[in-house]
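Generate coordinates for the entire structure from the input sequences, incorporating the hints supplied.
Protein chains in written order, with our numbering: chain A, 1 to 206; chain B, 1 to 206; chain C, 1 to 333; chain D, 1 to 333.
Treat each hint with caution, since some may be false.
Computed cross-link-like contacts, DSS-like style, restricted to lysine-lysine with a CA-CA straight-line distance of at most 30 Å [what the hints assert, rightly or not]:
1. D/LYS2 / C/LYS2
2. C/LYS202 / D/LYS172
3. B/LYS97 / B/LYS65
4. C/LYS2 / D/LYS202
5. C/LYS202 / B/LYS162
6. A/LYS121 / D/LYS172
If you are wondering where the hints come from, they were derived from the structure by calculation, not from laboratory data.
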Amino acid sequence: MAVDRASVIAWLNELARVYSANCGLLTELDSAIGDADHGASMERGFLAVQADIPKLPEAIGPLFKAVAATLIRTVGGASGPLYGTFFLRAGAVCPDKPALDAHDVLALFRAGVEGIVARGKASPGDKTMVDALTPALAAMNPEAGVAAMLEAAAEAAAAGMKATIPLVARKGRASYLGPRSVGHQDPGATSAWMLIRAAADQWRAA
Amino acid sequence: MAVDRASVIAWLNELARVYSANCGLLTELDSAIGDADHGASMERGFLAVQADIPKLPEAIGPLFKAVAATLIRTVGGASGPLYGTFFLRAGAVCPDKPALDAHDVLALFRAGVEGIVARGKASPGDKTMVDALTPALAAMNPEAGVAAMLEAAAEAAAAGMKATIPLVARKGRASYLGPRSVGHQDPGATSAWMLIRAAADQWRAA
Amino acid sequence: MKKLINNPQDVVRESLEGLALAHPDLVRVSFNPVYVVRRDAPVRGKVGVVSGGGSGHEPMHGGYVGRGMLDAAVPGAVFTSPTPDQIEAATRDADGGAGVLHIIKNYTGDILNFEMAAELCQMQGIDTEAVVINDDVAVENSLYTAGRRGVGATVLAEKICGAAAERGMPLKELAALCRRVNENSRSMGMALTSCTVPAAGKPTFTLGDDEMEMGIGIHGEPGRERMPVEGAREIVARMTEAILADLRLPSGHSAIAVVNGLGGTPLLELYLLYRELQRLLEARGVVIARRLVGNYITSLEMAGCSITLLHADEEALDLWDDPVVTPGLRWGA
Amino acid sequence: MKKLINNPQDVVRESLEGLALAHPDLVRVSFNPVYVVRRDAPVRGKVGVVSGGGSGHEPMHGGYVGRGMLDAAVPGAVFTSPTPDQIEAATRDADGGAGVLHIIKNYTGDILNFEMAAELCQMQGIDTEAVVINDDVAVENSLYTAGRRGVGATVLAEKICGAAAERGMPLKELAALCRRVNENSRSMGMALTSCTVPAAGKPTFTLGDDEMEMGIGIHGEPGRERMPVEGAREIVARMTEAILADLRLPSGHSAIAVVNGLGGTPLLELYLLYRELQRLLEARGVVIARRLVGNYITSLEMAGCSITLLHADEEALDLWDDPVVTPGLRWGA
Ligand SMILES: Nc1ncnc2c1ncn2[C@@H]1O[C@H](COP(=O)(O)OP(=O)(O)O)[C@@H](O)[C@H]1O
Ligand SMILES: Nc1ncnc2c1ncn2[C@@H]1O[C@H](COP(=O)(O)OP(=O)(O)O)[C@@H](O)[C@H]1O
Ligand SMILES: [Mg+2]
Ligand SMILES: [Mg+2]
Ligand SMILES: [Mg+2]
Ligand SMILES: [Mg+2]
Numbered sequence: 001m002a003v004d005r006a007s008v009i010a011w012l013n014e015l016a017r018v019y020s021a022n023c024g025l026l027t028e029l030d031s032a033i034g035d036a037d038h039g040a041s042m043e044r045g046f047l048a049v050q051a052d053i054p055k056l057p058e059a060i061g062p063l064f065k066a067v068a069a070t071l072i073r074t075v076g077g078a079s080g081p082l083y084g085t086f087f088l089r090a091g092a093v094c095p096d097k098p099a100l101d102a103h104d105v106l107a108l109f110r111a112g113v114e115g116i117v118a119r120g121k122a123s124p125g126d127k128t129m130v131d132a133l134t135p136a137l138a139a140m141n142p143e144a145g146v147a148a149m150l151e152a153a154a155e156a157a158a159a160g161m162k163a164t165i166p167l168v169a170r171k172g173r174a175s176y177l178g179p180r181s182v183g184h185q186d187p188g189a190t191s192a193w194m195l196i197r198a199a200a201d202q203w204r205a206a
Numbered sequence: 001m002a003v004d005r006a007s008v009i010a011w012l013n014e015l016a017r018v019y020s021a022n023c024g025l026l027t028e029l030d031s032a033i034g035d036a037d038h039g040a041s042m043e044r045g046f047l048a049v050q051a052d053i054p055k056l057p058e059a060i061g062p063l064f065k066a067v068a069a070t071l072i073r074t075v076g077g078a079s080g081p082l083y084g085t086f087f088l089r090a091g092a093v094c095p096d097k098p099a100l101d102a103h104d105v106l107a108l109f110r111a112g113v114e115g116i117v118a119r120g121k122a123s124p125g126d127k128t129m130v131d132a133l134t135p136a137l138a139a140m141n142p143e144a145g146v147a148a149m150l151e152a153a154a155e156a157a158a159a160g161m162k163a164t165i166p167l168v169a170r171k172g173r174a175s176y177l178g179p180r181s182v183g184h185q186d187p188g189a190t191s192a193w194m195l196i197r198a199a200a201d202q203w204r205a206a
Numbered sequence: 001m002k003k004l005i006n007n008p009q010d011v012v013r014e015s016l017e018g019l020a021l022a023h024p025d026l027v028r029v030s031f032n033p034v035y036v037v038r039r040d041a042p043v044r045g046k047v048g049v050v051s052g053g054g055s056g057h058e059p060m061h062g063g064y065v066g067r068g069m070l071d072a073a074v075p076g077a078v079f080t081s082p083t084p085d086q087i088e089a090a091t092r093d094a095d096g097g098a099g100v101l102h103i104i105k106n107y108t109g110d111i112l113n114f115e116m117a118a119e120l121c122q123m124q125g126i127d128t129e130a131v132v133i134n135d136d137v138a139v140e141n142s143l144y145t146a147g148r149r150g151v152g153a154t155v156l157a158e159k160i161c162g163a164a165a166e167r168g169m170p171l172k173e174l175a176a177l178c179r180r181v182n183e184n185s186r187s188m189g190m191a192l193t194s195c196t197v198p199a200a201g202k203p204t205f206t207l208g209d210d211e212m213e214m215g216i217g218i219h220g221e222p223g224r225e226r227m228p229v230e231g232a233r234e235i236v237a238r239m240t241e242a243i244l245a246d247l248r249l250p251s252g253h254s255a256i257a258v259v260n261g262l263g264g265t266p267l268l269e270l271y272l273l274y275r276e277l278q279r280l281l282e283a284r285g286v287v288i289a290r291r292l293v294g295n296y297i298t299s300l301e302m303a304g305c306s307i308t309l310l311h312a313d314e315e316a317l318d319l320w321d322d323p324v325v326t327p328g329l330r331w332g333a
Numbered sequence: 001m002k003k004l005i006n007n008p009q010d011v012v013r014e015s016l017e018g019l020a021l022a023h024p025d026l027v028r029v030s031f032n033p034v035y036v037v038r039r040d041a042p043v044r045g046k047v048g049v050v051s052g053g054g055s056g057h058e059p060m061h062g063g064y065v066g067r068g069m070l071d072a073a074v075p076g077a078v079f080t081s082p083t084p085d086q087i088e089a090a091t092r093d094a095d096g097g098a099g100v101l102h103i104i105k106n107y108t109g110d111i112l113n114f115e116m117a118a119e120l121c122q123m124q125g126i127d128t129e130a131v132v133i134n135d136d137v138a139v140e141n142s143l144y145t146a147g148r149r150g151v152g153a154t155v156l157a158e159k160i161c162g163a164a165a166e167r168g169m170p171l172k173e174l175a176a177l178c179r180r181v182n183e184n185s186r187s188m189g190m191a192l193t194s195c196t197v198p199a200a201g202k203p204t205f206t207l208g209d210d211e212m213e214m215g216i217g218i219h220g221e222p223g224r225e226r227m228p229v230e231g232a233r234e235i236v237a238r239m240t241e242a243i244l245a246d247l248r249l250p251s252g253h254s255a256i257a258v259v260n261g262l263g264g265t266p267l268l269e270l271y272l273l274y275r276e277l278q279r280l281l282e283a284r285g286v287v288i289a290r291r292l293v294g295n296y297i298t299s300l301e302m303a304g305c306s307i308t309l310l311h312a313d314e315e316a317l318d319l320w321d322d323p324v325v326t327p328g329l330r331w332g333a
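Okay, here's the thing in structure tokens:
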């Protein structure tokens with residue numbers, strides 16, 4: 001099995017559901033060490049993506065680029081350009097075929113995460129979404145198949161997300177807090193974990 | 001015995017003490033049906049009077065007029081001109097003698113209260129200081145002597161003050177509340193009761 | 001109570017010192033007795049325009065002193081009318097020989113103190129006229145109350161009469177103009193939270209998390225009715241209907257509107273309220289020809305708003321557009 | 001949460017509609033994408049000055065659009081940087097052929113979105129220069145953070161660069177001027193209460209009845225330190241010392257000062273704070289040559305204040321005095 005267009009759409013629908021359902025949680029995390037908008041921003045962005053679904057291109061590469069454009073146009077803040085870049089880069093490396101195999105999926109996640117790092121210049125340990133995404137990427141083994149690869153990635157992302165709690169933030173708005181950022185889970189690492197968790201859940205059969 | 005200059009000064013000192021001590025109470029009453037300044041206003045005025053004591057004229061009439069001027073200059077609001085007028089009119093009818101007998105005391109209270117009514121145009125039942133002052137005046141019997149006369153006046157003032165609780169205000173700031181002013185004791189009636197109560201307390205020996 | 005102050009007793013004086021230090025080009029401040037006066041007062045031959053009242057409503061009145069508006073403002077203690085000696089001294093300083101207009105908000109204390117001041121002025125041969133502003137429709141104007149309160153129309157009267165005085169209008173005419181502005185203006189306010197008088201140290205009243213006070217006064221006096229909070233649209237409709245029930249403002253006519261914050265309301269919300277107001281009036285065919293949106297007559301840190309409408313004729317609009325150069329209102333120069 | 005709004009999602013749009021309705025003589029508002037632009041934009045031959053950022057800081061930035069200040073402002077959702085397409089469209093509309101200056105507050109989101117927008121603009125042959133404002137001394141400017149935040153100096157930069165652009169200064173020079181204004185400015189803020197983001201529905205943080213947050217950010221980001229409330233004098237001293245520890249402002253030199261309210265602080269208190277500031281600087285021989293006292297860069301309904309000081313040379317003072325005609329700042333016309 002592989003990830004076809006329908007699976008991608010299912011993922012996008014699930015993201016709209018997940019970010020709406022967790023809008024309050026993300027905002028609460030962002031209240032503690034940021035500015036209380038991360039939940040609303042993610043919800044707004046992925047509801048816009050969901051609304052765009054009927055108009056999305058057929059091919060998965062262009063489809064991801066269209067998702068990127070919508071996120072960049074509707075999210076704003078730090079996470080808008082970062083998640084936008086994720087989908088832009090993912091779309092750019094997407095092979096022109098109707099369904100993606102595990103190697104393709106790894107390639108697009110790698111390109112996406114590298115894009116976020118290139119844009120935001122955060123290193124692991126800076127207490128950002130990168131702390132969920134980098135270990136997730138490292139845990140991806142395409143030989144295991146899409147489902148197992150993403151399950152491992154989601155678990156690694158969860159661990160990375162939790163590992164942000166004791167960190168001192170060095171990038172983004174939380175960095176202004178210095179040592180006072182310790183003890184709080186990073187909102188962006190949390191939304192990043194949800195991104196991968198949703199893929200793992202939706203692409204179980206792939 | 002009679003009310004000499006020293007008794008008058010003792011009364012003014014007592015008023016400074018009473019209004020300072022009850023600043024919070026008067027403000028609380030004014031918060032409920034007014035604008036939360038009656039306590040601070042009365043305290044400010046009578047502390048200013050107290051500070052003036054060394055400079056007050058010898059004769060009681062001019063002395064009351066000087067007190068009036070200080071109150072008018074320092075209290076403001078509705079109560080400044082009203083209590084100012086009280087002392088102004090009291091001073092105007094004060095006989096030029098070193099000590100006042102019960103008839104003199106009655107005359108000056110009468111002039112003072114009439115002055116307040118003339119300035120403020122409130123009738124009994126309008127839920128104002130007049131509701132404490134009018135019954136107090138009515139209760140004054142100079143034949144009983146200063147002490148008994150004022151004790152009766154203070155008791156009547158207290159009754160009048162309490163009787164403002166069920167009234168609908170028709171004058172001053174509380175009148176804006178209409179029926180919502182019911183159930184609250186009028187702050188000005190309360191400070192008016194204190195004015196007479198203090199005289200009764202200080203002039204017991206007179 | 002958390003406030004950015006030193007001592008509650010010093011708030012008004014220290015704030016006025018700040019006003020004087022910040023605007024030496026516009027105003028002078030006298031401290032004994034306390035009043036704010038135009039830098040170049042008295043202006044020879046011009047009628048002086050003086051207003052005053054308790055502090056806590058800033059920028060009113062001290063922020064409206066300057067060319068084209070007030071010649072002097074007389075601030076009392078917080079929410080406490082100023083005293084006759086202050087008013088008298090300010091009036092003397094504002095008198096350029098053509099007399100002085102007193103613009104008084106309708107509160108017993110303001111009326112009594114201005115009355116006593118006017119008597120003192122008369123004794124010195126200063127001609128004064130008093131106009132009492134009473135535009136607040138939240139309060140019934142019956143024989144059995146102190147009458148309607150003076151609120152937002154005061155700002156309009158000060159601006160329009162200030163301009164007319166600057167043009168040379170004589171005292172009697174100016175007083176008549178001021179009365180017309182008052183008669184053609186109505187206001188209504190509401191609060192989401194209470195203010196805290198510094199000397200009192202605690203909120204004047206308390207509202208539940210889902211309550212608002214409709215018809216609040218600018219001194220935190222309770223209003224018409226305590227009720228569940230509503231959306232901006234419903235609140236604006238409620239206030240505007242109350243105003244229009246008492247003010248003739250026919251379709252095709254023009255208004256000057258003030259959407260005013262009470263001190264603790266963000267400008268973001270005030271512009272949103274303005275949108276609701278203009279849409280509502282447009283639907284009735286009324287044109288808002290001029291407007292103010294911001295904090296113009298406040299109640300310390302109270303969250304809430306008020307709306308003032310003036311049924312404006314050509315004269316009012318023309319005077320409105322004249323230059324005004326004060327700390328709180330400025331255009332045309 | 002009690003706010004004078006309809007739906008949390010509609011706040012920014014409805015408020016901008018109000019701004020457009022209230023100031024048709026000064027600004028136009030585009031809604032798709034969202035930005036505010038000068039009525040007469042683009043001004044041929046003049047460098048365009050554009051700023052933007054999350055909403056909730058009104059009058060910044062939309063209130064600073066007009067002659068002598070911004071050509072366009074780009075508001076995001078509340079506390080959320082605007083998106084590249086908005087910024088690009090605003091830049092295009094502000095470009096009179098001489099290029100456009102982007103004044104950006106130093107937040108990751110603002111930087112990233114303005115960067116992406118600049119790339120889009122370049123592709124269309126629009127010349128842009130970006131200047132990042134980072135004046136907040138509450139935040140350590142170290143390699144290990146996102147750097148100091150941009151706050152009050154933004155208002156000064158917008159006014160001064162707006163004036164210089166109006167005089168015809170070319171883009172590169174204007175960017176250099178903007179950098180000088182930023183380098184010579186420092187700010188510090190504090191809060192007595194939290195703000196509430198409409199979409200979040202509850203306060204971003206909570207402070208005890210006797211606590212204040214020193215070094216607060218304008219998005220309700222926690223500050224340097226939570227500490228017991230102090231008097232106005234101590235608070236001003238604390239903030240000013242922090243500023244002067246990082247800004248060379250020698251005796252005999254001049255400053256432009258902003259004593260700014262965060263949205264829920266009465267003007268009465270702001271003038272009192274200004275008094276403390278001027279006395280403190282006078283004691284150090286520093287002259288406050290110009291100043292703003294009021295709500296200029298806010299954080300919704302937050303009670304608190306910030307102080308901004310610009311070490312001003314003759315050029316800055318001269319440009320400061322040039323006419324400015326915007327909804328939020330107006331003089332000289
Ligand atoms: N430079 C960066 N690189 C990667 N992620 C970042 C960076 N800066 C911030 N973030 C992420 O963005 C999240 C905040 O997103 P959001 O609240 O939407 O933006 P903002 O901080 O602009 O309000 C942070 O929790 C963090 O994970
Ligand atoms: N017209 C009036 N005649 C007599 N007393 C009045 C009148 N108006 C108000 N008062 C009294 O003044 C009191 C309020 O005084 P104060 O709070 O000092 O003034 P203000 O209402 O101006 O704040 C009221 O409680 C009432 O007793
Ligand atoms: Mg955020
Ligand atoms: Mg009172
Ligand atoms: Mg009062
Ligand atoms: Mg944000």
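Hint by hint, here is what the structure shows:
1. For the given pair, D/LYS2 sits about 20 Å from C/LYS2 by alpha-carbon distance, which is consistent with the 30 Å threshold.
2. Our distance criterion of 30 Å between C-alpha atoms is broken by C/LYS202 and D/LYS172, whose separation comes to about 54 Å.
3. For the hint pairing B/LYS97 with B/LYS65, the CA-to-CA distance comes to about 15 Å; that is within 30 Å, so the pair holds.
4. Note on C/LYS2 and D/LYS202: the hinted pairing holds, with a Cα-Cα distance of about 20 Å set against a maximum of 30 Å.
5. A distance of roughly 25 Å separates the Cα atoms of C/LYS202 and B/LYS162; the hinted pair therefore holds under the 30 Å criterion.
6. The hinted pair formed by A/LYS121 and D/LYS172 meets the criterion: a straight-line CA distance of about 27 Å does not exceed 30 Å.
The structure fails hint 2 only (numbered hints given earlier).
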